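Put the two chains together into one complex, using the hints given.
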Amino acid sequence: MSDRIDLAALAVLSVRQACPLMLAALGGIMSERSGVVNIALEGIMLIGAFVGIWAGQQFGPLQGLMVAIGAGGIVGAAHLLLTQRLRVNHIVSGVAINILALNLSTFLLRSIYNQADPPRQARLSEPLPIEWFVILAVAATVAVHVLLYQTTLGLRIRAVGESPHRTRLAGVSCGPLRAVGVIASGVFAATAGAYLSMSLVGRFTDDMVSGRGFIALAAVICGRWTPLGAFLACWAFGLFDALQLRMQGTLAMPSEALRAVPYVLTILVAVTFRAQPPAQLGSGDDDNRD
Amino acid sequence: MKSLLVRCAMSRQAVGLFMAIIVAAGIIAATGSNAAEALSAMFYGAIGDIPSAVSESFKSHRLVLPNEPLRLIAKATPLILSGLAVAVALRAGLFNIGAEGQILVGAFAAATVGAAWPGTPAILHLPACLVAGMLAGASWAAIAGALKAWRGAHEVIVTIMLNYVAIQLTHYMVNGPARDPSSLAPATRLIQPGARLWALEGGTNFSAGIVLAVAAAVAVWHLFARLRIGFEIRAVGENPEAARMAAIPVARTMIVAMAISGALAGLAGAVEVLGVHRRYLDAFSPGYGFESIAVAFLGNLHPAGIIASACLFGGIAGGAVHMEAFTSTPRQIAGIVQAVVILAVAVRWNAAGRADRNARQ
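So the sequences go chain by chain: L and X.
Be aware that the first sequence starts at 1, since it is given in our numbering, and climbs by one per residue.
Be aware that the second sequence starts at 1, since it is given in our numbering, and climbs by one per residue.
Just chain X, same shape as in the assembly (with noise of 0.2 Å):
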């Protein structure tokens, strides 16, 4: 029988990792910089010295925790609904290049319902903001998508266009009316304490919103699973011809898609607002919609490839960060990684378009 490990190491996943680790190797050793000492610097700032913490933890009998997975896992935290956003509109055949838009908004919105209402008990104040920054993302999202079903506006370019209008509208907020004058960088308000999300104290950025995120994973596999609307965005995103033949409404499934998966991304912004910042930061997302992308094509729109992805991703950039501070070389190998990763698992190395086009001649 063939293994599911064996299939786990063949799988374009992993040959495509393999690819861009011997690149990123490469180009490491071109700038004349050792290779091997940064990117075993690069993994063990990703995953710390587990073995000596796990002997640490049998001597003094209790758990003891490097901080370096806790890091990975708060990075992982956005990667994990921005990628499933892209999931999402990807299954509805759409291209949602504006997670980070979507993000930016998210997390503003959640920021301004977190900075209002003093005194309002955590049970209701948490969960207003949550849904207020999936509101946002939601409604930006569905612009594109409702350009998209009803004037044939191409979603790529009209969410492409609808992330600089995102920065610029929260650039001027945060710089301008919503400015918290305490504050020397541009910033909004604190967030009140009953709008906070649980979080670790110690700068790991650990929080409550992995299992926000995990459970988003489970809501979007129940969506494609169980629920008649996924299996309506699955076959719009197959065909949407003979989607609308079958009776499917394609026009409202496209805005739905949309909204779905600006809705997870505003989540990813309001997560990191409520769990990691505490305020809206100007120009806070180091590109995290853009990672996304990524980060749903090597988890083969799957939540729980997504979920392995957006760890592995969320390792290598910490882990780049800890190579920078130790090593010579720059943590911007971490994106030549990404962007390897992606043309690797998009390439269709398979023979069929070379027989088709011997066929046809």
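Bound-form chain L, shown alone (with noise of 0.2 Å):
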């Protein structure tokens, strides 16, 4: 590779790699706004990756994307279900759901691919073109700054995070809109899944979201719970993926280091601008009566 760093390759290649992060992000906004924390969005992830190869090659691609949608939004409402109904704590579930999703992808490739040629891989014979999601990500972030912004819903939904007693003073009932949030939640994390095995890779393979659902949380918080902040922040660690996959070898500080940058620079955020989070994060259906 020449010195000169190949910027449009580069560019690309930072929005390839941001789009799943985009998508992930949103949902951690749309869920963590209505006051349900969400570190399951990992777990969604690999859910929505698998079931979109599995019901690719069952129905034809766009039905698999739809199919694996519908499975994000189911498992959705079992965070949903859990931590408001059965007070279950909000990060207790989001692990439980991280390590039933790893290991029920794994299981159910190993005993569905295992005879798969090559073995333990779903592929795709024609994948998803990926413009479709990096189009569909810029979009939804563009609708999901409306939808909170702009609309009574979305006034609704981010009061319920910051005071769900005073929001049910003023009339409006709490766990309908809890219920968008985190079910809108999986709609976007399962999408973001899908994206990765149904387009970016084209197959299914172990644990292939890798930590991404975990960046994307980053995101979330670099992007003090905004759309548009977590978009920027979202495009900023695609492009630290980008420059460790293209100038592996070649740069003068190990690739390791840039990888460790988002998380590093998370910490960073959450110390330094105290960026605060919706007050009522993490509280069930009747905590928390302020």
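Hints in this document: simulated from the structure, not taken from any laboratory.
Hints may contain errors.
[Claimed, not checked] A few chain L residues that don't get close to chain X, going by computed Cβ distances all over 10 Å:
id	residue
1	9
2	132
3	243
[Stated by the list, open to error] Sample of chain X residues at the chain L side, in silico, Cβ under 8 Å:
id	residue
4	153
5	332
6	342
7	346
Just so we're clear, the structure is a prediction, and the values are computed from it rather than from any experiment.
No residue lacks a Cβ here, since even glycine has one placed at the ideal position from N, Cα and C.
Shown next, in the form of structure tokens:
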């Protein structure tokens, strides 16, 4: 490779890497703004990735994407049920969903595709075009921004995250709003996962999300729980990822240092800016009558 | 009298485990395998053929022990330590999701000290390695504790991020400056003989680490039952405001709790290096840090409960490997069981929430 970095190629690569982060981060914002912590983004992405490929093989790529999105909505609904009705700690529910998703997707991959060629890989013969998902990610960012800041529904969702009790006093019931937030979160995360397997890579392998769900969570925090902020953070993280992929071996600093940047940056943002999460983040249905 | 046995059998832990086994059986059956066959293979893989070992012992007049129970204890050892780590932090109201990262840095520090200073007598070298592992884990976790206490940064976020920083850091070290050039896989140099923890030959991975793990469990019990700092940790966990009123230094207590938690996780990593692998292997942890959350919850945050649940998960993990080898069922069923156990234990089935809601309407 020449000393001059091909900027256009780098830009394209960074967008491709940032796209799943953007979609998953939107999921994080929808959930956390309505007051539900969602560290299950990683697991829901994995489920979306697996289901997308499996259903894509059975029914065709577009239908597969729809099934993956539906599966994400179902897992989101499960997280909602667990945290709100069954009063499970949000972190505990998220950890359990992540463990379940990782093991279940690998279990199913090995049960169904053990004899596949090559074994233990689920392939899609015609991957979906990457551009679709990039356009979708940008459009969804704008849509979530408009939803949260320009509509009554968005105002109410933000209100539930800040103070469920006062929202209830204003005559608005919290349950349905949180349902919208958390199920949308599952839908976005599963779309991000489906992009990885059905479009970017074209196949499903063990643990293929490999921490992207947590980077998306980091982007939510760095973007201070706003769609546009998270969008910029995801793009920056995608750029680091692209740099790291492009310049492996040619860079003075080790690639691990670049890979650690998003995490260190997130800690710094959490510390220095005192990024304020929604006030009642992590509460149950009836907790916190402030 | 409602006997202890009945209460144990009806406990939410037992019910959760029962549900998890039913879910696992359902999933195995749904993929077209024989669930009974798979689960019994798992059971024998976990505890071995005890009856024939007993009859063999009587016949040969010496103790014959199958390998499986030893393997179970070997797998439970790091889980006991990291489960204790999660429990100590949770008692202070802090969610340490970062045990994984603390295990990695603890293991790496122990391997580094263990490979240095050839010729050091074991009486000095082994404790030095253990202390190095604990210090590394403690300082890694104390970062999250300090940022929480001083700046209000959420410990869940910081520990998750620190996990990935630890993964990248150890990955860099073991592939770069600390790599043993003669090793094919990325690994550090072998530790000196004086740094080795006693271990049984024969591939069971059974080591003296279990003694350390049980000692740590007793120490944690002592901490919360007898020591002032343990009481302060519990007070801060129950109600930080009330603790502040009672002149308990809340910030310092949080940092200390995270440091103790990290030290336990670091010790788990050190024991794996000194007793099992004898060097730091890249990505050696199969997710102990996350399993430890399940262990802590299933053990109801009590040291004795944590030992029991770590043994249970150790057995499930060992049994699952056996099951994978002898039936067509992949070993990931063990992780599915864990996840269901966590949820079943964490769910509050009682109607308190509903009554509360009705009262307000």
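Subject >> Least C-beta distance from residue 132 of chain L to chain X larger than 10 Å >> reply: holds, 29 Å
Original post:
For residue 9 of chain L, is the shortest beta carbon distance to chain X beyond 10 Å?
Top reply: holds, 25 Å
Subject >> Restraint outcome when residue 332 of chain X is required to lie within 8 Å of chain L by C-beta distance >> reply: Because about 4 Å separates residue 332 of chain X from the closest Cβ in chain L, which is inside the 8 Å limit, the hint holds.
**OP:** Please confirm whether residue 243 of chain L is truly not at the interface, meaning its C-beta sits more than 10 Å away from all C-beta atoms of chain X.
**Re:** Nearest chain X Cβ is 15 Å from residue 243 of chain L, so the label holds.
**OP:** Could you check if residue 153 of chain X really has its C-beta closer than 8 Å to a C-beta on chain L?
**Re:** holds, 4 Å
Original post:
Taking the least C-beta to C-beta distance, is residue 346 of chain X closer than 8 Å to chain L?
Top reply: Holds, because the Cβ-Cβ distance from residue 346 of chain X to chain L comes to roughly 4 Å (cut-off 8 Å).
Subject >> Restraint outcome when residue 342 of chain X is required to lie within 8 Å of chain L by C-beta distance >> reply: Since the shortest Cβ distance to chain L is 4 Å, the answer is holds.
When the structure is compared with the earlier hints, no violation turns up for any of them.
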